[in-house]
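Protein chains: 2
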Amino acid sequence: MTVLDNFQPESFVWEQLLSNLALHPFDELVIIDITASEAISYYYPEFAQHGFHLISANKFAGAASSEFYNRVKQSFSDNESYWLYNATVGAGLPIQSSMGMLQHSGDQVTAVSGIFSGTLSWLFQQYNGEIAFSELVEQAWHQGLTEPDPREDLSGKDVQRKLLILSREAGYDMELSDIKLESLVSKALMEFKVDEFLEHCEELDEKILRMFNKAKKQGLVLRYVASFSRKEGAQVGLEFLEPTHPFANLLPCDNIFSINSHWYRHNPLVIQGPGAGRDVTAGAIQSDLFQLCKLFAR
Amino acid sequence: MTVLDNFQPESFVWEQLLSNLALHPFDELVIIDITASEAISYYYPEFAQHGFHLISANKFAGAASSEFYNRVKQSFSDNESYWLYNATVGAGLPIQSSMGMLQHSGDQVTAVSGIFSGTLSWLFQQYNGEIAFSELVEQAWHQGLTEPDPREDLSGKDVQRKLLILSREAGYDMELSDIKLESLVSKALMEFKVDEFLEHCEELDEKILRMFNKAKKQGLVLRYVASFSRKEGAQVGLEFLEPTHPFANLLPCDNIFSINSHWYRHNPLVIQGPGAGRDVTAGAIQSDLFQLCKLFAR
Numbered sequence: 001m002t003v004l005d006n007f008q009p010e011s012f013v014w015e016q017l018l019s020n021l022a023l024h025p026f027d028e029l030v031i032i033d034i035t036a037s038e039a040i041s042y043y044y045p046e047f048a049q050h051g052f053h054l055i056s057a058n059k060f061a062g063a064a065s066s067e068f069y070n071r072v073k074q075s076f077s078d079n080e081s082y083w084l085y086n087a088t089v090g091a092g093l094p095i096q097s098s099m100g101m102l103q104h105s106g107d108q109v110t111a112v113s114g115i116f117s118g119t120l121s122w123l124f125q126q127y128n129g130e131i132a133f134s135e136l137v138e139q140a141w142h143q144g145l146t147e148p149d150p151r152e153d154l155s156g157k158d159v160q161r162k163l164l165i166l167s168r169e170a171g172y173d174m175e176l177s178d179i180k181l182e183s184l185v186s187k188a189l190m191e192f193k194v195d196e197f198l199e200h201c202e203e204l205d206e207k208i209l210r211m212f213n214k215a216k217k218q219g220l221v222l223r224y225v226a227s228f229s230r231k232e233g234a235q236v237g238l239e240f241l242e243p244t245h246p247f248a249n250l251l252p253c254d255n256i257f258s259i260n261s262h263w264y265r266h267n268p269l270v271i272q273g274p275g276a277g278r279d280v281t282a283g284a285i286q287s288d289l290f291q292l293c294k295l296f297a298r
Numbered sequence: 001m002t003v004l005d006n007f008q009p010e011s012f013v014w015e016q017l018l019s020n021l022a023l024h025p026f027d028e029l030v031i032i033d034i035t036a037s038e039a040i041s042y043y044y045p046e047f048a049q050h051g052f053h054l055i056s057a058n059k060f061a062g063a064a065s066s067e068f069y070n071r072v073k074q075s076f077s078d079n080e081s082y083w084l085y086n087a088t089v090g091a092g093l094p095i096q097s098s099m100g101m102l103q104h105s106g107d108q109v110t111a112v113s114g115i116f117s118g119t120l121s122w123l124f125q126q127y128n129g130e131i132a133f134s135e136l137v138e139q140a141w142h143q144g145l146t147e148p149d150p151r152e153d154l155s156g157k158d159v160q161r162k163l164l165i166l167s168r169e170a171g172y173d174m175e176l177s178d179i180k181l182e183s184l185v186s187k188a189l190m191e192f193k194v195d196e197f198l199e200h201c202e203e204l205d206e207k208i209l210r211m212f213n214k215a216k217k218q219g220l221v222l223r224y225v226a227s228f229s230r231k232e233g234a235q236v237g238l239e240f241l242e243p244t245h246p247f248a249n250l251l252p253c254d255n256i257f258s259i260n261s262h263w264y265r266h267n268p269l270v271i272q273g274p275g276a277g278r279d280v281t282a283g284a285i286q287s288d289l290f291q292l293c294k295l296f297a298r
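Those protein sequences? They're chains A and B, same order as listed. In terms of the numbering used here, the first sequence opens at residue 1 and continues consecutively. In terms of the numbering used here, the second sequence opens at residue 1 and continues consecutively.
Looking at chain A on its own, in the form it has when it is part of the complex (with noise of 0.2 Å):
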């Protein structure tokens, strides 16, 4: 503390910073961008121009329009240089490397499911009917296992960005709005401001109750599913499910990724265990920063 009490940092233009970061005299220069900002992702054609590598945590380019994505992954491509961006689904778990790993090798995916998000598998996972849906979602909140405004992982907005991520990385050209979307938050509760929200946050209670007791009616849990196949398109959102469905027993805030391809046809190949945190994601920063030092071992 003492040490950077009296440390300013110096306000930056981006324009100034990338031409001056161009002046580097490293044999190679990355950029890890851990930030959550759209904004900066529409830097990462100009990262490639200057020849950076980039790692991004960052959803956003991953989840951007085609024309964007295609954009970005061509600058890449055409400069030379690398984007990795494993972090951005699952954190450290290898599920991006999987999914390469079967298509290099001749296979070809075509189904990806999951629970996406460890706070909606934590609320769905802890919710009995009892305690109010919204009260959790307090509780989740206060205990920081939700994003600062909540609404992001209730939207369900988060888990439709990973599933375009992990459906374009199997092969298929998608858009955001290919992928059904189911929110939990109505139009009208996402227009207040977080506090406001939080206020007003038992509107939710209603519906998922019911959800959740037609599940019971019929022995079947609710959980919050992401699912893409080729035959069956993509959606997001509620699902019913048998209680010994592998989705269903997580432990607290377990991410689970579920891969059909041609080999993985009758049974999936399944990846599960914690998708978020500073460890786990830090862990994939530096597990695609070794990555990338291979490369450039070349």
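Be aware that one or more of the hints could be misleading.
It does not matter which identical chain is used: a pair holds within one copy or between any two.
[Said to hold, decoys possible] Calculated cross-link-like contacts (lysine to aspartate or glutamate; reagent style DMTMM-like; alpha-carbon spacing at most 25 Å):
id, residue 1, residue 2
1, K187, E152
2, K231, D178
3, K157, E80
4, K294, D78
No lab work stands behind these hints: they were computed from the structure.
Keeping the supplied structure of chain A fixed, place chain B upon it in accordance with the hints.
Quick look at chain B alone, frame taken from chain A:
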């Protein structure tokens, strides 16, 4: 059939084959060992000395004495050629690559456990105390779910070898004898020929039924589990598990692997899917071949 009817493969002497191969006109030569032959594994250092690369599905070298295992590793390293063996454990499941990824990016694996045998997984998933265990073994054998000699599976030897390979991958210097092994087959039964064994197979039943009932009394299920932990050592054998335990509910012939590390301390990284079979094993070999080609490009 008709084309091959008159085909008689020329018998070969290894030494001669190897010295002939050494005259190959290619940039690189890759040997793919998809046998289960211990004899062939003894030639691995020689493959390396000739500068050949090796992809193996054969577990013998990876589970050999430290002395031989290290000699193989050293030979490939000294000759700047590569030995890849992802197919030895879990076929195409990304187990070894995930463990490598963790360690390369600064993590340390502290424990590995799971169900490493599709056959034993199937047998204990099916067994309900009503049909005799030996009858299930015969069913599995007739369906080709077991090794030609089902004692390879039932003795736990195959699982023990896989656990040794993984523990070594995790950076621990171990011998096969460091892994406690609980065989389901008595010494007397091991001495029979295969068909004689199948006749006497019901001698297995008493112990399994006793253990099954003991587990059932406690509300638990019986599974054949492999586990290594830095603190508690390594063993392979029968365990009682909660019915909701991730190892308790697998699809037929699935393997499951659970990895703990500093980053995955509370919730493990779990990988599950078919861990044997033609497609996924061929896939693992293909994937190793792709990795190798990437290394050649350096």
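Go through the numbered hints given earlier and state which of them the structure violates, listing their numbers in rising order. Violated hint: only 3; rest satisfied.
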